Structures are given as C-alpha cells and as structure tokens.
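S.K.: Take a look at the letters that make up each chain.
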Amino acid sequence: MDVLYFAWVRERIGLPREKVETSAATVGDLVAELRAREARYDAAFSDLTALRVAVDQELSDFDAPLSGAREVAFFPPMTGG
Amino acid sequence: MDVLYFAWVRERIGLPREKVETSAATVGDLVAELRAREARYDAAFSDLTALRVAVDQELSDFDAPLSGAREVAFFPPMTGG
Amino acid sequence: MDIRVQEAPFDLGREASAFAARQTGMGAIVTFTGIVRDLGGTLDHMQIEHYPGMTEKALRAIAEDAHARWDLGGSLVIHRHGRLGPDDMIMMVATSSRHRKDAFEAAMFLMDYLKSRAPFWKKEVAADAEGWVAARDEDEDALRDWQR
Amino acid sequence: MDIRVQEAPFDLGREASAFAARQTGMGAIVTFTGIVRDLGGTLDHMQIEHYPGMTEKALRAIAEDAHARWDLGGSLVIHRHGRLGPDDMIMMVATSSRHRKDAFEAAMFLMDYLKSRAPFWKKEVAADAEGWVAARDEDEDALRDWQR
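Chains as they are written, first to last, in UniProt numbering: chain Z, 1 to 81; chain A, 1 to 81; chain U, 1 to 148; chain S, 1 to 148.
By construction, these hints were calculated from the structure, which means they are not laboratory data. Source: prediction; values computed, not measured. One thing to keep in mind: the hints can contain errors.
Said to hold, decoys possible - Here are the simulated DSSO-like pairs of lysine-lysine, each with C-alpha atoms no more than 27 Å apart in a straight line:
no., chain 1, residue 1, chain 2, residue 2
1, S, LYS57, Z, LYS19
2, U, LYS101, S, LYS123
3, A, LYS19, U, LYS101
Model the full assembly from the supplied sequences, consistent with the hints where possible.
M.R.: Written out as structure tokens, the structure is:
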C-alpha cells in the first residue's frame, strides 16, 4: 500500500511517501502500526484531531476500512483558496 | 421648478421635463395639480404605488415637503443592474 | 470608489485586471457582471434610460454605504445606458477586501441596491413589441434582508 | 466545468473575458480571486503544496456539487501551487447563471469548500521563520452553513 504524507506531517516523518506492507483492517489500525515504528511517526500521529486522512484520494475517517485500498494519505486540515 | 419624467411616465405624459410654476407644499400637492391639468397627467399618476419620486435627485416620499426644491422627478420603480 | 456611468461598452477583463492592480494588501477580489438576456428569444435590443445627475450620486451613495459596512480596500461600479444587444454586458461591480466574506457580501449588497435604488430603467424592444421591464418583488425583498 | 491546477501564474482579466465569452444566455457572471497577503510585513514567499491526483478530483467534485445545487451555465476553478510572492494571485473561481443570486451563492460555495476540502496546504516563509498556515474554525463553520 502507498502511504503519503503532506505538509507538516511530511516534514515530521521526513518523507513524502512510502510503500507499507500491512494487513491493517482500518485507517486507525494502520496509524497504530506506524506509531509503533519510530518516534517520528509516533510524534506525527500523536493528535489525530489535527490530522485528516484520504483513502484512495477520497477524504475518509480514521475508522474507515482499508480492504482493497491502494493509497492512504495523511495530512493536516486543508488551507486552500 | 423643474419636473422630470422617466420611462413610461415620460412616455405617457409625452415629455421628459418641463418647468412648472407651483406653490404646492408637498409632492402630493404637486401631483394633484398635475393631475388636474390634462387626462395624460391624470392617467400617469393614477396609481401612486407604481411610482417613485426624487426631490433634488434624492429618493423621497409623496408626502415630502417641496419648500426650496428645485427639481422633482417621477418614474417607475428602478430596474438597473 | 470608482463610479462610471457610460454609454460605451466596457471590457470586463481589462477592468478586472486594472482593478486588481490598484489594490494592495487585499486577499480577495470579487467581480459581478450583468448581461442582457434574451428571455423570449425575440429581443432585438434593450434600451436603458437613466437620470443624469442623480445616477452617479445614487451609485456613489450606495458604494459609500458598502464601504461603511464592510472592510473594503476598493470598489468599482460601471453601468451602461442607451442601446444594448443580447449578450452585451450591462454593468459590473468589483470589490476588494482582506477577507473573502467581506468582498462577497459587499458585491452582493452593491448589486441589490443598484438594482432597485439607482435610477435606471430598462425597456425591451422586439421586432413587433416593446415594454418596460417591471421591478420584481424579490428585488425589493433583497433590500430588506440587508436592513435586518 | 473547467478545473485547472497549475504552477504557472494566470491572467485574471484574460480568464474572466474568456469565461464570459464561453457563456450564452447567462445574465450574471461572478468571479472571485484569492491573493497572497503579507500579514506581518515580513513574508518572503508562500509555498503551496497539493496532492497531485486527488486535487483535481476534489475540485471537480466540489464544482459538480455546485452545479447540482444552483442553476449554473458554467464554472471555472484555477488554483496554483508552488512558490508565490506577496500580492500574487493564488486562485480564482468564476460562475455564470441566469440569475445573480445563483451565480453569487455558487461562487461563495465553491470558495468555502475549496478552502477546507481541496488538498492544498500553505506555508508562509519569512527571512528568519517559516510556518504552515493553520486552518481556521470559521472556515469549517462556513461549510456547516451550506449543509443546513
């Protein structure tokens, strides 16, 4: 699965995207796996209310299922316009 | 006093402006004087709810005083934009 | 405040660019352009009459009111009179503000007031008929919303 | 619907004129333009990041929603990314409709959704500091108003 990071999430984790081998059932499970990896992941995901997630390029929730998902992206609230 | 007519009021009365000698105290008095002149004036002013008035180029009311006024204009509701 | 009442056409793109270039420190620019519609498919042209002398005064008063109500950098009102064909541009307004909400609301306010309080009257002329455009109740209602 | 995500600058005047020229039978055209503000007087530039692939999809979904809600003739969204300086134009939207209310409301709706639902992130870079622009509660509140 491709996992993408944007804005300060990208900066905190230190890379824009990576391939992740996971059998996580939901976004929340994936987040738990990532946090367990390293301190920089743990720090980036420490406050989920400050984060948004997109599954296959659609805005989603942290309890959304990941079955069949090819791409998951994490980022702060958007500030376009 | 200059009296001006616009849009269908102008068309119904048949002229865009005229000098009127009057001692009318209010717009309503002036309207009464004009209506008494001729049928075309009477017709033009038959429904005051369909008319608007400006005194010295400021939107006004039919009971507004005319003391000192130099220019009174009658017209239908405006349709700009 | 830039108020223009004119018979000549205006160029929306040029006016929008020039307006934007005159603003500094503004985060938001809104423009509105009004265009002649051929509602019945029979319109030959529209004739717009106005009240020279009062028109610019009324437009200026409306723009001053907008500047008093919202945090605006600048405003522009251009309104044509005379003969206009279908799809011709009748008028435009532009507003700038630091905030998008102010720019939008001020532009809507300018339009609502200009529509019912500036001395313009439109006549539609077709091949075999002509008639003055009637004011609509909903335009009068729109003004009440700003007075609440 | 015309959706463009690009690094290059755009010309507001040219885009507004071209958009207007593409409309027929529309009585109203609204444009909104967003501009980089130098709030603290120290901004060197702004860096706008986006999510290629998702961005255009999200903007298209927002525009489709606007077309479903209002009687629109056409719509345009241009949003830049990359490096922008103070007073540079970031983005614009344009809407056309037979009625001014629809054109205004749809443009406001596009802006409100684009602001909080399209994957763009702004970073402000000054000589000695930089920081990501925080989302504002009032922008989230604006969305709720459209859902009522």
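S.K.: For each hint, tell me whether it holds in the structure or not.
M.R.: Okay, the hints, checked on the actual structure:
1. S/LYS57 with Z/LYS19: holds, 23 Å
2. U/LYS101 with S/LYS123: OK: U/LYS101 and S/LYS123 at ~22 Å, within 27 Å.
3. A/LYS19 with U/LYS101: violated, 48 Å
When each numbered hint is compared with the structure, a violation occurs for hint 3 only.
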